[in-house]
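Undergrad: Sequence:
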Amino acid sequence: MVESTLSEILIGGSWVPAAAGTYPVIDPATEEIAGRAPEASVEQAREAARAAREAFEHGPWPRMSSAERGERLREAAARFREAAPDLVDLTVAETGSLRPVAVSQQVGARGRAASPSGSPPASRSASSPASRPTTSR
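In the working numbering, the protein residues as written are 14 to 150.
Hints are supplied without guarantee of correctness; some may be wrong.
Label pairs and their computed distance ranges (CB to CB) [said to hold, decoys possible]:
#1 43 <-> 69: 39 to 45 Å
#2 112 <-> 37: 19 to 25 Å
#3 21 <-> 108: 20 to 26 Å
#4 92 <-> 41: 24 to 30 Å
#5 81 <-> 43: 22 to 28 Å
#6 93 <-> 43: 36 to 42 Å
#7 82 <-> 62: 19 to 25 Å
#8 28 <-> 69: 16 to 22 Å
#9 25 <-> 76: 16 to 22 Å
#10 94 <-> 19: 20 to 26 Å
#11 70 <-> 102: 33 to 39 Å
Don't read these hints as lab results, they were simulated from the structure. Here the structure is a predicted model, which is why all the values come from computation and not from measurement. Glycine included, every Cβ here is placed at the ideal spot set by N, Cα and C.
Start from the sequences and build out the full structure, keeping to the hints where you can.
TA: Listed below in structure tokens is the structure:
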């Protein structure tokens, strides 16, 4: 794997240099530098959080229908699946994980958000123990 360096962070839709430069990401299997990651300042983290809040409250997301939001999430999931092979290599280098673990449990983990086809998982029935409210006595 070729060592990569990321030196910018995304704040408010713009890529800006990380205030503290970069830091090395060490491959635990080889103890060599696998890449360099951006090191933001506390103020940049706060600025990014403010920008995210502003975008959430005043951007298009809160006015979208659930169908529109779902379509955007499916598009993001498709882009993630396209990038998955490279992300597996990166995960192995960053964590020292075995490739099958990186594929199935880290990069490939989907949880219950959606099936591989992109459709939502089957919901639990009302009689399912997990869906029944609990009562205390």
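Undergrad: Compare the structure with each hint and give your call.
TA: Now for the hints, and whether the structure bears them out:
1. 43 <-> 69: 39 to 45 Å: Because 40 Å falls inside the window, the suggested range holds.
2. 112 <-> 37: 19 to 25 Å: holds (23 Å)
3. 21 <-> 108: 20 to 26 Å: holds (23 Å)
4. 92 <-> 41: 24 to 30 Å: At roughly 28 Å between Cβ atoms, residue 41 and residue 92 fall inside 24 to 30 Å, so the hint holds.
5. 81 <-> 43: 22 to 28 Å: Violated, since residue 81 and residue 43 (Cβ atoms, about 45 Å apart) do not stay within the stated range.
6. 93 <-> 43: 36 to 42 Å: Given a distance of about 27 Å, which is not inside 36 to 42 Å, the answer is violated.
7. 82 <-> 62: 19 to 25 Å: With Cβ atoms ~21 Å apart, the hint holds.
8. 28 <-> 69: 16 to 22 Å: Distance hint for residue 28, residue 69 holds at roughly 20 Å.
9. 25 <-> 76: 16 to 22 Å: holds (19 Å)
10. 94 <-> 19: 20 to 26 Å: holds (21 Å)
11. 70 <-> 102: 33 to 39 Å: holds (37 Å)
Hints 5 and 6 from the list above are not met by this structure, while the remaining hints are.
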